[in-house]
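A.B. asks: The chain contents come next:
Protein chains: 2
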Amino acid sequence: MSRSAEIIAVGTELLLGEIINTDGAYIASRLAEIGINAYYQTTVGDNPARLKEALEIAARRADIIITTGGLGPTFDDLTKETIASVFGKKLVRDQASLEHIRVFFEKRGREMTPNNIKQADLPEGAVIFKNLWGTAPACAFEAGNNIVVMLPGPPDECFPLTEKYVIPYLMRYSDGVLTSRYVRVYDVGESAVEDRLHDLMIESQNPTIAPYAKGGSVLVRITAKAEDRETGLRMCEPIVKQILAIYGRKSYEELEGGLPSLVFSLLKEQGKTFSTAESCTGGLVAKLMTDLPGVSDVFMGGVCTYSNQAKADILGIDPALIENNGAVSEPVARAMAENARRIYHTDIAVGITGIAGPGGGTEEKPVGLVYIACADESGTEVRKCTFGGTLKRTRDRIRTDAANAALDMVRKHLMN
Amino acid sequence: MSRSAEIIAVGTELLLGEIINTDGAYIASRLAEIGINAYYQTTVGDNPARLKEALEIAARRADIIITTGGLGPTFDDLTKETIASVFGKKLVRDQASLEHIRVFFEKRGREMTPNNIKQADLPEGAVIFKNLWGTAPACAFEAGNNIVVMLPGPPDECFPLTEKYVIPYLMRYSDGVLTSRYVRVYDVGESAVEDRLHDLMIESQNPTIAPYAKGGSVLVRITAKAEDRETGLRMCEPIVKQILAIYGRKSYEELEGGLPSLVFSLLKEQGKTFSTAESCTGGLVAKLMTDLPGVSDVFMGGVCTYSNQAKADILGIDPALIENNGAVSEPVARAMAENARRIYHTDIAVGITGIAGPGGGTEEKPVGLVYIACADESGTEVRKCTFGGTLKRTRDRIRTDAANAALDMVRKHLMN
Numbered sequence: 004m005s006r007s008a009e010i011i012a013v014g015t016e017l018l019l020g021e022i023i024n025t026d027g028a029y030i031a032s033r034l035a036e037i038g039i040n041a042y043y044q045t046t047v048g049d050n051p052a053r054l055k056e057a058l059e060i061a062a063r064r065a066d067i068i069i070t071t072g073g074l075g076p077t078f079d080d081l082t083k084e085t086i087a088s089v090f091g092k093k094l095v096r097d098q099a100s101l102e103h104i105r106v107f108f109e110k111r112g113r114e115m116t117p118n119n120i121k122q123a124d125l126p127e128g129a130v131i132f133k134n135l136w137g138t139a140p141a142c143a144f145e146a147g148n149n150i151v152v153m154l155p156g157p158p159d160e161c162f163p164l165t166e167k168y169v170i171p172y173l174m175r176y177s178d179g180v181l182t183s184r185y186v187r188v189y190d191v192g193e194s195a196v197e198d199r200l201h202d203l204m205i206e207s208q209n210p211t212i213a214p215y216a217k218g219g220s221v222l223v224r225i226t227a228k229a230e231d232r233e234t235g236l237r238m239c240e241p242i243v244k245q246i247l248a249i250y251g252r253k254s255y256e257e258l259e260g261g262l263p264s265l266v267f268s269l270l271k272e273q274g275k276t277f278s279t280a281e282s283c284t285g286g287l288v289a290k291l292m293t294d295l296p297g298v299s300d301v302f303m304g305g306v307c308t309y310s311n312q313a314k315a316d317i318l319g320i321d322p323a324l325i326e327n328n329g330a331v332s333e334p335v336a337r338a339m340a341e342n343a344r345r346i347y348h349t350d351i352a353v354g355i356t357g358i359a360g361p362g363g364g365t366e367e368k369p370v371g372l373v374y375i376a377c378a379d380e381s382g383t384e385v386r387k388c389t390f391g392g393t394l395k396r397t398r399d400r401i402r403t404d405a406a407n408a409a410l411d412m413v414r415k416h417l418m419n
Numbered sequence: 004m005s006r007s008a009e010i011i012a013v014g015t016e017l018l019l020g021e022i023i024n025t026d027g028a029y030i031a032s033r034l035a036e037i038g039i040n041a042y043y044q045t046t047v048g049d050n051p052a053r054l055k056e057a058l059e060i061a062a063r064r065a066d067i068i069i070t071t072g073g074l075g076p077t078f079d080d081l082t083k084e085t086i087a088s089v090f091g092k093k094l095v096r097d098q099a100s101l102e103h104i105r106v107f108f109e110k111r112g113r114e115m116t117p118n119n120i121k122q123a124d125l126p127e128g129a130v131i132f133k134n135l136w137g138t139a140p141a142c143a144f145e146a147g148n149n150i151v152v153m154l155p156g157p158p159d160e161c162f163p164l165t166e167k168y169v170i171p172y173l174m175r176y177s178d179g180v181l182t183s184r185y186v187r188v189y190d191v192g193e194s195a196v197e198d199r200l201h202d203l204m205i206e207s208q209n210p211t212i213a214p215y216a217k218g219g220s221v222l223v224r225i226t227a228k229a230e231d232r233e234t235g236l237r238m239c240e241p242i243v244k245q246i247l248a249i250y251g252r253k254s255y256e257e258l259e260g261g262l263p264s265l266v267f268s269l270l271k272e273q274g275k276t277f278s279t280a281e282s283c284t285g286g287l288v289a290k291l292m293t294d295l296p297g298v299s300d301v302f303m304g305g306v307c308t309y310s311n312q313a314k315a316d317i318l319g320i321d322p323a324l325i326e327n328n329g330a331v332s333e334p335v336a337r338a339m340a341e342n343a344r345r346i347y348h349t350d351i352a353v354g355i356t357g358i359a360g361p362g363g364g365t366e367e368k369p370v371g372l373v374y375i376a377c378a379d380e381s382g383t384e385v386r387k388c389t390f391g392g393t394l395k396r397t398r399d400r401i402r403t404d405a406a407n408a409a410l411d412m413v414r415k416h417l418m419n
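These protein sequence lines map, in sequence, to chains H and E. Residues 4 to 419 (my numbering) are what the first sequence spells out, left to right. Residues 4 to 419 (my numbering) are what the second sequence spells out, left to right.
To be clear, the hints were calculated from the coordinates, so they are not data collected in a lab. There's no promise every hint is true.
As the list claims (entries may be wrong) - No more than 20 Å apart at the CA atoms, straight line, and that leaves these computed lysine-lysine pairs for PhoX-like:
| no. | chain 1 | residue 1 | chain 2 | residue 2 |
| --- | --- | --- | --- | --- |
| 1 | H | Lys395 | E | Lys167 |
| 2 | E | Lys110 | E | Lys133 |
| 3 | H | Lys387 | E | Lys110 |
| 4 | E | Lys244 | E | Lys415 |
| 5 | H | Lys110 | H | Lys253 |
| 6 | E | Lys387 | H | Lys110 |
As the list claims (entries may be wrong) - Here are the simulated distance ranges between beta carbons:
| no. | chain 1 | residue 1 | chain 2 | residue 2 | range |
| --- | --- | --- | --- | --- | --- |
| 7 | H | Thr365 | E | Glu166 | 20 to 28 Å |
| 8 | E | Gln245 | H | Asp321 | 55 to 63 Å |
| 9 | E | Gly363 | H | Ile205 | 44 to 52 Å |
| 10 | E | Glu366 | H | Thr211 | 35 to 43 Å |
| 11 | H | Gly91 | E | Val95 | 32 to 40 Å |
Said to hold, decoys possible - Covered, in the sense of this in silico footprint (three residues per stretch, anywhere, with C-beta under 8 Å from a C-beta of chain H), are these stretches of chain E:
| no. | stretch |
| --- | --- |
| 12 | 240-249 |
| 13 | 320-329 |
Built from N, CA and C at the ideal position, the CB exists for glycine as well.
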């Protein structure tokens, strides 16, 4: 049987809400993939007594304990000392880690302080994971029935350390791999999806099926447990097909990396190029596309035109068109997409103009009103969206929904 | 004495790492501001037995228990039933909440299913908080020595409900307000900052002082406990001034909302306008600026030019300049900033070109190399940055660091 895990995040910054715990989600997702169930996550501050209590609870209810954070050089970072004492280990100085830290400071021309040296102290007998992304090494050790893994807190150290060392190390405790596939369903409510899929959800035990509301639509997760990823993906296939058949064009299979990745792979497959003209989303679609490595093959760029003058000067939109219809209007969205397509010489382009709020709304043009245009060789389609409807929506949510809706229009155009 | 709190996030999606727990950070930050210490956060799945255990542990070690999630309409959402049973409450149907849900479905032309109706069932005697942002109402009730607050999971419902109802409701349990101010210190390591500030940190108990590494620099938090925010801000003043005096131009006071907010307020104060030309950051600076409501007064927009042709056609950069120096070069960054300033008619503009990786690096131009130019009426400054140095850096981190470095150049230009 697979072992279970608890992830303990240590840091007063987390308790004060100054940092969001992205490490926990990342580690949990990687554990899930190797079939290790993390039933609990706990967050405590840099407080030895409370950390001790959390470790004792975790040692009782989980086999594997993974801590993140508290390995920094400052004197409130006491995680290591506390963990070592709870599990009856001495701390010993690791010379290779010390040398890595020394070189780090030398190359930067900074002085190594005594509290930096402390970072090279690790529990006796631990397997040490060299940190290529920072100074504090990670490590793992066994203590009684528990396996304890210690990781530094900064995500750009924690993520790659998890990937490179921790997951391979923990594979020995896995008895199978969980593989998920996702079907996105648009324009149908979460509970309606659940009602429709209810019998299928009850019948199918491996893979399991779980729908949930996400990003203004419903995501259905299909998860299989198998000896490897390939087999798992194959086991999900019939259910994925069944759900796609139920919802037709209101659904699609969502690939890892979500909608931007899907759009990227469709563009690549078809040898097409893409560009954007954004007003209320202010570069968010461009940002989402350029999050993806290698996207420069298909994404030529985008303009963010926040002012009317920029819409006229850079996109070449007739000022009279803006004057007569307003910047947030069907014709302006259309002109934005068509002109982005022209100036970037791309096969497809989107134009987005709307009112993200919280200010700027009127009765006629309320906060949440967004026009989205998608232009390709066959013409230009414009959608009028009212995000929120009777519900209030934050600026951030309206911008995210608008960016997703724009990418979804591109997807539909490419899939036609 | 102030009460302590524990935040319990409920959701299998959280344990699988499919969602990041942003609710926890947000609620924690708001609790901190009203002087309620959240010493623990726990995450459990949609599993009644484990949720029950987590609630029982929380009831022992915290006065106030705040749960997020598990209030959805699907049949795995059992949070409410479990909480009611642990605290010995019956669930009763709230007619006003039911009516709100009914109207929601009616306006959308969707059918209300029986599991939607379940969302209107709440613990007897609870204070009900109407959810203007979604269908599941929030609520609070007292049980023995505990105060229990239940919030829905989606952040765009949880955040405004917390702000509008939960914080005012919990104010009665607060005996003072914590107010923080922040000083950002650049080009100095975390442990060097701690060494330098060590005596001040020991001496000063209210306000307290805590430095930590964040976003490639060090953030020093100064936190005062006082009867109100105004007094707290005043109490921090001498320490803020002392730290700014120590680090001079390597430091500045960071306002809420971080660097983008500071740049926004400086631009507004000075009546200046700003635009961007981005290559490797692909619209990230524009996205960060347009996250801020009302920014259209000062931010005119930006171009993301991912291809050389777009750099030539849209920004009007001489193709020979790119040919001779490469797209990632000092002259191209300079030309990007100057041309962005010209085409957007702004007072100040930045140009960013670099290699975000993971591919595309060479020995001469490695991943992490970014040129950032800042142009204003006095001329153009270009910085060559090598993010990561001897350390590995992720694409995401390089893009974020580059965007922050660009905004910091704008800040320095405006503060001169």
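A.B. asks: Hints first: check each against the structure and report whether it holds.
C.D. replies: Hint check results:
A distance of roughly 13 Å separates the Cα atoms of Lys395 of chain H and Lys167 of chain E; the hinted pair therefore holds under the 20 Å criterion. A threshold of 20 Å between alpha carbons decides the hint, and for Lys110 of chain E with Lys133 of chain E the separation of about 18 Å falls inside it, so the pair holds. Of the supplied pair hints, the one linking Lys387 of chain H and Lys110 of chain E holds, its CA atoms being roughly 17 Å apart against a limit of 20 Å. Annotation: proposed proximity of Lys244 of chain E to Lys415 of chain E holds, straight-line Cα distance about 18 Å (limit 20 Å).
A hinted pair counts as satisfied when its Cα atoms are at most 20 Å apart, and Lys110 of chain H with Lys253 of chain H does not qualify at roughly 55 Å. With a CA separation close to 17 Å, the supplied pair Lys387 of chain E and Lys110 of chain H stays within the 20 Å bound. For Thr365 of chain H and Glu166 of chain E, the Cβ-Cβ distance of about 25 Å falls inside the hinted range of 20 to 28 Å, so the restraint holds. Between Gln245 of chain E and Asp321 of chain H the Cβ separation comes to about 57 Å, which falls inside the hinted range of 55 to 63 Å.
Evaluation of the 44 to 52 Å hint for Gly363 of chain E and Ile205 of chain H yields a pass: the beta carbon distance comes to about 49 Å. In this structure the supplied range 35 to 43 Å is violated for Glu366 of chain E paired with Thr211 of chain H, their Cβ-Cβ distance being about 49 Å. Here the CB-CB span from Gly91 of chain H to Val95 of chain E is close to 51 Å, at odds with the stated 32 to 40 Å. As drawn, the stretch 240-249 of chain E meets chain H at 0 residues by the rule of a beta-carbon pair under 8 Å; below three, the given contact is violated.
Counting residues of the stretch 320-329 of chain E whose CB falls under 8 Å from any CB of chain H gives 0; the rule of at least 3 is not met.
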